[in-house]
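There are 4 protein chains.
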Amino acid sequence: MVSKIVLAYSGGLDTSVAIKWLKEKYNADIITVTLDVGQKEDFKFIEDKAYKIGAIKHYMIDAKEEFARDYIFPAIRANAMYEDKYPVSTALSRPLIAKKLVEVAHKEGADAVAHGCTGKGNDQLRIEISVRALDPSLTVLAPTRDWGMSRDQEIEYARKHNIPISSVAKKYSVDQNLWGRSIEGGPLEDPWNAPDEDVWEWTIDPKKAPEEPTIMEIEFKNGVPIKIDGESMNPIELIDKVNRIAGLNGIGRIDHIEDRIVGIKSREVYECPAALTIIEAHKDLEKMVLNRRELTFKKIVDNEWTFLIYAGLWEDPLRYDLEAFINKTSERVEGIVKMKLYKGSAMVIGRESPYSLYDIRVATYDSSSTFDQSLSKGFVTLWGLQTVASRKFLK
Amino acid sequence: MVSKIVLAYSGGLDTSVAIKWLKEKYNADIITVTLDVGQKEDFKFIEDKAYKIGAIKHYMIDAKEEFARDYIFPAIRANAMYEDKYPVSTALSRPLIAKKLVEVAHKEGADAVAHGCTGKGNDQLRIEISVRALDPSLTVLAPTRDWGMSRDQEIEYARKHNIPISSVAKKYSVDQNLWGRSIEGGPLEDPWNAPDEDVWEWTIDPKKAPEEPTIMEIEFKNGVPIKIDGESMNPIELIDKVNRIAGLNGIGRIDHIEDRIVGIKSREVYECPAALTIIEAHKDLEKMVLNRRELTFKKIVDNEWTFLIYAGLWEDPLRYDLEAFINKTSERVEGIVKMKLYKGSAMVIGRESPYSLYDIRVATYDSSSTFDQSLSKGFVTLWGLQTVASRKFLK
Amino acid sequence: MVSKIVLAYSGGLDTSVAIKWLKEKYNADIITVTLDVGQKEDFKFIEDKAYKIGAIKHYMIDAKEEFARDYIFPAIRANAMYEDKYPVSTALSRPLIAKKLVEVAHKEGADAVAHGCTGKGNDQLRIEISVRALDPSLTVLAPTRDWGMSRDQEIEYARKHNIPISSVAKKYSVDQNLWGRSIEGGPLEDPWNAPDEDVWEWTIDPKKAPEEPTIMEIEFKNGVPIKIDGESMNPIELIDKVNRIAGLNGIGRIDHIEDRIVGIKSREVYECPAALTIIEAHKDLEKMVLNRRELTFKKIVDNEWTFLIYAGLWEDPLRYDLEAFINKTSERVEGIVKMKLYKGSAMVIGRESPYSLYDIRVATYDSSSTFDQSLSKGFVTLWGLQTVASRKFLK
Amino acid sequence: MVSKIVLAYSGGLDTSVAIKWLKEKYNADIITVTLDVGQKEDFKFIEDKAYKIGAIKHYMIDAKEEFARDYIFPAIRANAMYEDKYPVSTALSRPLIAKKLVEVAHKEGADAVAHGCTGKGNDQLRIEISVRALDPSLTVLAPTRDWGMSRDQEIEYARKHNIPISSVAKKYSVDQNLWGRSIEGGPLEDPWNAPDEDVWEWTIDPKKAPEEPTIMEIEFKNGVPIKIDGESMNPIELIDKVNRIAGLNGIGRIDHIEDRIVGIKSREVYECPAALTIIEAHKDLEKMVLNRRELTFKKIVDNEWTFLIYAGLWEDPLRYDLEAFINKTSERVEGIVKMKLYKGSAMVIGRESPYSLYDIRVATYDSSSTFDQSLSKGFVTLWGLQTVASRKFLK
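Chains as they are written, first to last, in our numbering: chain A, 1 to 395; chain X, 1 to 395; chain E, 1 to 395; chain Y, 1 to 395.
16 Å max Cα-Cα, derived EDC-like pairs, lysine to aspartate or glutamate:
1) E:208 to Y:211
2) A:170 to X:366
3) E:299 to Y:304
4) A:395 to X:323
5) A:107 to A:29
6) A:100 to A:66
7) Y:208 to E:212
8) Y:392 to X:331
9) A:340 to X:205
10) X:377 to A:123
11) X:299 to A:83
12) Y:85 to E:280
13) E:395 to Y:323
14) E:100 to E:65
15) E:170 to Y:366
16) X:299 to A:304
17) Y:107 to Y:29
18) E:328 to X:323
19) A:85 to X:280
20) X:392 to Y:331
21) X:340 to A:196
22) Y:340 to E:196
23) Y:340 to E:197
24) Y:170 to E:366
25) X:227 to X:240
26) Y:299 to E:304
27) A:395 to E:331
The hints are simulated quantities; they were obtained by calculation from the structure and are not laboratory data.
Treat the numbers as computed from the prediction; the structure is a model and nothing was measured.
Kindly produce the complete structure, drawing on both the sequences and the hints.
Spelled out as structure tokens, the structure:
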């Protein structure tokens, strides 16, 4: 049996009920942990609520910088887009929460950690596997998944135990952090329904966006953004700024059908202005500095990296292996990308780099080109030799 | 030596000079061939010009339907986007030109075919390899690549031989067909320069696009579009219509750094309203009907297919192998995708299919869900078993 | 509750106990099914035992031909070797067992099927997922996994219920069929221990194998073997023959560390004379008839096919998609491969094919070669162009 | 024009003729360079010959240690086997030769380097591209490819210019170094012909190999072999020793159809006792210490690394990127592999590692196993969820 439990606490109904439920079921001390990963909430209110319900101690951890530097930045280097659409924003925060839960457990001498994820999503994988990878001796509890209460039963339980609950039912289930918002549930569950405007909070309706395009220059070094329009910023400021400007231009809305690792197809809606804008720029710059073979292979590496993160395998040694590759390619990903942001679309319109492989003297179609066309005949013939030889046997 | 040459004739300077040059150099009869692949030119004018310069016979071939059905449709099934940006529009037309050149050569008893491609691009690969694959006994001539004339020398040669030339120098070099326009040269050769507005012909400046979004429903069957807004159309009409409507909403502009097969990095600008719109819809629908493993693997197949087409290997047996895979998956790619087209962006906002794997009874977060959450604990633990076991040895 | 259960019955302790246990627990009729997939057992004895323990009906199904043609032959086309070592022999038989269980269930109007797999291996995946894929309405029972009896408890249960049990404890746990034997347990569980000679039944100790090599010619058509040493044979005879001859030469022993899908690393020992010999020949022939791009891509396809089969996903649509690719390439996999079998090794020493891409006139180093070396300079330079351009920026 | 040429000199006919031919054609000083990469030749004789023909200076460079450590060892880490058969032995030595040519050119102030490769093989790619990548300003000359002499003309040229030539025509063309021998030409050009025994020099006819197996323990650290049978050795000694012992047991013979990069299919025969033995051991050990995802992905990385080396792209930045991945995985590739070498086959029969993921407490089938089988039901069901859902729509 466990006696001291560190619970990832969001302040919402599930984890609020969990404080009391875990305490009673295990007769254990409950320590709550809330991370600030840029989700912009009232952390004081959350803390008060935790204590009120029965936590013996609460940790409020500002993890924004660590999140930006050690989680979002690697995702930029990997052009992380699960199924070509989702910038794994929620997925990135989960292993950081797991890491902090383990740190607090060690500090407090706890023997268990707990989280409020359901059994239908991916977050259970992300938190549980990371916790176990970092300390297999810790027990991991998933009260929401295991107690089998319906929402109505949770509310009844809350009432009975004097757990404060919000008076209005939320239309959507939302998770957010510096890298984006995830919106689920309600009318979005019909994949034929277009999302209503009330889904969106970080992006303006493109129809109401400015009539003039915004030109933005993003400067990268070592594969990550360091300046916006020539101004150096720390990672948090930079991402915040891009979120704001891109969102103001209606950029960042995502709507697709997604494959959860447990096998469910779900309709997912995200709002990620900075992620879409920065990754579009990053991919463009990579094309200028990496050669074709590197680009082709890095796409395979990026896909694998992204899958690991989505699938809860942040702590897998393979991530470290893949990042060794990615970091090596990133050494040359340096330069400036110029983007045009306008009413919902972010388009690269210019780029430059000290490591550019684009060479106008070679590429130009005018007669000054240094490219020796007499080399092409042999190339063309040998490039196609096996195609020609094998085509005749095709049935 | 060759005595009868079939020349792919565009009506432009290079191939006009080639008629005369080939005739003189080889003392051969020249037969010219021009394909209509949707590029919208004055084919009568081209024919007259060919005869005037010295062709003994001219073929004007309307290949639009064959191009749409046998070249563009497979590209839709393969979500073909070279380096994630270029819908291989020009690349698709080249093997069809090669096929027609070989057909005419056989009909006319010619012993050679010729094309006007330079030695710096990809088109030489696409035409030469396809011609040889279809008939290795034909000699392939590439006068433009081999004669070593500069543009000024070409003009001088044209004047001397009474070859009509356009009086105005073109700012850009353009190739176009039903699937898109390619625009190169001039100020675009500086990758930091944003494309001027005069680059674009098929897309309206998003600033001048309609203030109200256009909602368009594209219906697919067997992996290809068959109806727009409920109306059945043949492939040519359908693609034309999407080009028109998407272009009117400013959709279809592409600007990126591209790797040519000969090793040159080039800055390429394309305008492909239908291609971007239809492939976005097709990818979305695939997510609804193919399972995660199929989607992941098909992406590898699609990338390989696209590379083959870009790299001039249309006739490689591997294309046929890959299409066997793609066609099998396409059997279930059926349904309707609803898109919102607005000032430069095409976004999917709804989709439905008789083969949908999305099951609201499983996916819903409300308590009616048929998903048995008690299965998840075992899944999560075993999914992460090796991650946990191997993490402890990580250095 | 279920009332009629179709049980996959091997005649061993687990499934014998299961007859009684299922009958009692569910108060259900038990129908037993035993497949002959070439494992060479006393099927009459098995049948009698089933009835004696309490089955109301027993099906003995000779599935050898179907197994060879529809399961082993596709594995040959896919060069199926899980983790480069295991010819998925046991894995191949499981979906066939599942298919027959479903067929019998439909015929008998049963509402459940049952299998004797434990929770630690891969077979539970292979049978359960295939059964559900073919008929999701059937209940699948896994008594061995779920009852929680130790081996001693099973024996006690058997004694108590008059279930006949073998008087000698087996040293190894063995599964076998036409495509190979799997041997597990006992001293093999220490991966440092070399397998004892008593592990092997189908292969002679190489030291005792004939002093003279056996030369064997295997003829393939459409990617599968059709003749041995010029003699046509049906699939069963052919595989039997190769098993016998290769085994006689000490060929077919496999020993490696394997990753089970549930996350366990296990030490696995197999004995697969025909599989190793035929696949070695098949791979060699493919190199003669497929071009380099096909070979490279088919390796990816083969790996994925093999993984699906190993991982219990025989019925996944992706297998059908992959086989469309594989079958297309197999059309040209025709010809004869000459092998030398000697004291444990099977080496290809010659091959010929009507679709051979090997052309001695091109390949020969003597001066008659038709290969035009003047083409190479251009090829070499352009092949390396980006390597040269990007190398200078390497850090 | 060039005035000082550094020539890679083997002492054979091609490069001997090249000394004189280059000298005359370019009126240039010729400096010859011969590397000792373990090929076991009379280097004094080669040096004398170079001077006699007209070299103004000769470099004899003992590169064995650098070759073993910086070229062979990375190949072991990458399990390098081109098309699953060829340990890229010759391919590995070429970029080292290129590097030394460039070093000598810089030291001597030469403006060109030259090599004796023909236009039909891969070596021209390997040397030329590596030289240009290291110094694009150097001219690269390929006299043998460009002069267009037949072998008879070469001999005539040699006679006329007093170039000593071997009196006996060689049956095969051979290249060898520490990592293996390549044998080509003559009767081997018929792929149906089994190689005669006179092809082999490093391996004994298995029929004459010892009647008793040799047990050999290879210890690895950081992904490379460091001890044989408990005895530490430097890389050269170690590889030499394994070549000797494995060769004595008839191990190392390779015969397959290979795809050259220029498009030719060739029949290639190699003799690589150490390479086959060590890589077999290395792959086995990797299975013990890397998890399934790492193994699966590393196979892709290994294939790409091997292709680069085979295809002349040693200096491509992608190799450095891939090695970052490979080196990260190699940190845990430590332990001992026990092999049985016997009459042509090398089989792993035991392995152990401090980083082993094999855990007998989990893996064992006896009742002491710590694996919780109750977790499997959920895993099996969710693992197959999409297979089951999508199977019903399969056409």
